[in-house]
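As given, the protein sequences belong to chains A, B and C, one line each in that order. As numbered in numbering that gives the first Met the number 0, residues 0 to 309 make up the first sequence, in order. As numbered in numbering that gives the first Met the number 0, residues 0 to 343 make up the second sequence, in order. As numbered in numbering that gives the first Met the number 0, residues 0 to 90 make up the third sequence, in order.
Please keep in mind that the hints were generated in silico from the structure rather than gathered at the bench. Small disclaimer: the values here were computed from a predicted structure and weren't measured. Each statement offered as a hint is correct.
Computed cross-link-like contacts, DMTMM-like style, restricted to lysine to aspartate or glutamate with a CA-CA straight-line distance of at most 25 Å:
#, chain 1, residue 1, chain 2, residue 2
1, A, K235, C, E22
2, B, K202, C, E12
3, A, K69, B, D305
4, B, K298, A, E22
5, B, K202, B, E88
6, A, K115, C, D30
Now the in silico label distances, taken between C-beta atoms and shown as ranges:
#, chain 1, residue 1, chain 2, residue 2, range
7, C, Q77, A, Q17, 57 to 63 Å
8, C, Q49, A, S254, 26 to 32 Å
9, B, E3, A, A114, 26 to 32 Å
All C-beta atoms in this analysis are idealised placements derived from N, C-alpha and C, irrespective of residue type, glycine included.
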Amino acid sequence: MTQARMLLVKEHSNSLLQCLRQEGIYLYLPPFIIRLRSQSHDLAQYLSLFYKDLSFCLDSQVVHFDIELKAESWWRQWLSPQVRFYQSQQAPFLAMPRHHSAILWEWGLNYCVAAKCHHYLTIHAAVVLKDGQAVVIPAPPGSGKSTLCALLCCHGWQLLSDEFALIDLDNQRVQAFPRPISLKNSSIDVLKQVVAKQQISAQFSAQFSGTSKGDIQLLALPKAVHADTRKTYPIKQIVYPHYLQQPGFNCRALSKAQSLMQLVENSFNFALLGQAGFDCLTTLVDNAQHWVLDYHDFNEALNQLELQHG
Amino acid sequence: MAEESGLWSYLYSLSVQPAPISDQQLAVANLRPRLWNELLERAEQAQLLAVWHEQLKLCTQVPSVAQTRMQWANTLATQQLSSMHAALESLQQALSPFHPVLLKGAAYQVLQTDNAVGRVMSDIDILLPEQELASAERALWLHGWDNRGKSDYDQSYYRRWMHELPPFIHRQSGAVLDLHHHWLPKTCRWQLNIDNVLQRATKSPITGFKVPCLEDLCIHACLHLLLSGESIKGWRDLRDVHLLCQQVTDENLRARALQLGVLEQVETVKQIALRSFQMGGSRLNWQQKLWQQALIPTKYRLSLIDNHAQNAYYLYGHYLRMPWRLLLPHLIRKARIRLQQKET
Amino acid sequence: MTMEKQQTYCLSEGINWRIWQHELVLFNPFDNCVHLVSSQWLRYFERLAQEDAFALDDFLDLLIDESLAEQLWQQWLQANIIRPTSTLSSG
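Take the sequences, apply the hints, and build the full model.
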C-alpha cells in the first residue's frame, strides 16, 4: 500500500470542516480506521478540540467504519435542525438536534464498536492502567464507572477506555481505545473540582441538556494520560465498583466463577464468539484478581485499588 | 462510467464463482482503497460479507482492514447458523404433530445448496398446510414461541388482510419464525396450487423437517424476488436464484414452473440473473433492465433514475401482494408511522 | 412439557466446563450459554458425558442420593444442558 500522507488534527483545524464536508477525512483512532463525513460546524469544532492529537489523512484508506452525520429533511433545517448518524448508509439511531452532534458521534461510534467489532471479546467496562498492568471496571447501571474512571485518571492512572474493554481472544490482553469521557449530571461538578485541584489540562465540552441520558458533558484528558494505543496490556484486576450515596466502604474478593458470570453479563459479543469467547474468559479470570468495591469516598477507593495493584 | 460498470459486473460474477477467488482474479479488479470500501459496504448492505469472506479465503492480497471486516461478518454468520439449528430443534418439538416444510434460508442451510455458505438469514420460514395453521399456532405458544406482541394494526394487517400469521419470537433465544400456508399472499395477483409444493417435499438429511425439491426452491426464490420490494438485498436474492438455477436442469425447471403456472415470472428473473452475473443469456427488455438496476446496480453512486427504479421495485412488490383498495391506506399508514418515529 | 417414558436424552454435545474450588462454570456451545453450578454436580456431568443416551429413569437412578434430583432434571432440561436425542416427526 502506498504511504499515505498523515496529518494531525490540531495542525489542520481550520480546514477540517471543509474536508469533512467534501470527501471526508480518514481518521486513525486505533485500533480502527474511520471515514467521517459531516456538514456540521459543531462536529468539526468538537473534533479539533477533543481529538486534536489524532492523525488523519485525506487519501482514501480501507476503513472499519464509514460514518456520516447527515442533516435531516431539508425543510426541518429552518425549524429545529437535526442530524442522523449513518454507518455504511444505515441509520441505527433516531436523529438528534444539530448542536448535539458531538454526542451523536460518540454514541454512534460506541454502537459501531459494540454491535460490529467481533475480532475482540468486547466488554462494557472502563479500563485503566498503572505500571503496565490494566484494571478492568465492568459497568452495570449504578456503578458510577465513568466517574470513577475519570477520577482515577486524574490521580496517576492512565486511560485505556471509559466504555470498552477490547480483549484479544488469543492472549487476553486489552487494547487501548481512549476517547473523551461522558459524564452525567452531578459527576460533572466533581470532576471540574478535581481537575482544577490536580492542575490537569483537561478539556470540558459544553453541556448537552435534554439527551436521553440526562445532562451530559464530555471530558477530554491530556494525551499524556492516554495509554499507548500501539500496545496491548495484561489484565491484573477486575473490579466491580458500586457507588454508595451514604458514607461507607467495603471491599471483598469475588470468586473467579462469579466474576466470569459477571463478565459474560457485561459483554457485548460473548454470545457470538462461542467456544473462543469462553476459553478467552476462563484464562483471563484465572490470571486476574477479582474484587467488589462499595465506596462513597473516592480516596478510599483509590487507596484500595493501589494497594491491590501494588 | 463504462469502466465502473465493468468493474461491478466483474465483482458480481466473482460472487457466484464456485471455486475461491485467486490472487490473479482479484488483481484484475485492481481494487484501490475507495473501491474496497464500496465493495465492503455494498456487500454488507446485501448481507453478503460472510460470502466474500469465503470467496476470498485463498487470496493473499486482501488489505488487513477488509479481512477484519469480513471476519466480523463470518463470526456473525457462524453464530446465526448455530442459532438456527438450536431454533429448529425447538421447532421440531413444537411442530411434531404437523407437517412442516422448511423454506428459503433454513432450507438452503439444511440442504447445503451452493448459495448456503456464508449466507446470513434473520428469520426461519416454515410452510404448513392451511388447515394445520390454527393448531400449530397454539402449539407454538405452548413451546415459548409468541406472535401476539405486535400492534393491533399489524395484527390486523397480517391476519385479516394478508391472511397470514404475525411472526413468532422465541421468548428464550429471540429467534424469529414466519409461518406460511402459501408462498403467495391470498391477495396476490398470481396464484399457484401450494399442495403441489407440499406433495413434492421430502425429508431432509439432517433434521426431521421436510424441504421442497430443488426446482421448487429455485422457483420460490424467483417469485420472492419479484414480490419482496427490498432492493437492498437484491444482490443476495439474485445470487440465490442464479446458484439454485445452476443446481437443476433447464428442462426440469421449465416443466415445474409451467406446472405451477409461473413460467413467465421464473423465466424473467432467470434472465435478469444470467445477465447480471455475466453468463450470457438473452438481452433484457426495458422492465427487466429496470429491475436489474434496482436490484444489482453497476454503479456505486445511484442516480435519481436508479432511486426511481428502486422505488418502482418497492411499489411493484406491494402492488403484486395487495389490491389497490388495501395498498394505498397501508402505505399511507406506514409512511405516517415512519414520520412519527422520526419526530421523536 | 410432557416427557414420554421412552424418550432418551443426552448431555448437550460439546458441553465443557471449568472448575474453581466449589464452583463449576458450564459452557454450552449449542446456545452459547454459561451456567454457574455447584461443583458437587461435576461427577454427574462426567458420567452423563460418557453415555450416548439415557432415559429419565437412568438419570434419577444416577442421582438417587440427591433430594433435588427431579428439580435438577427440570432445570438442566430447561437450560438445554440435557437435550432430547431425537424428536424426528413421523409425518
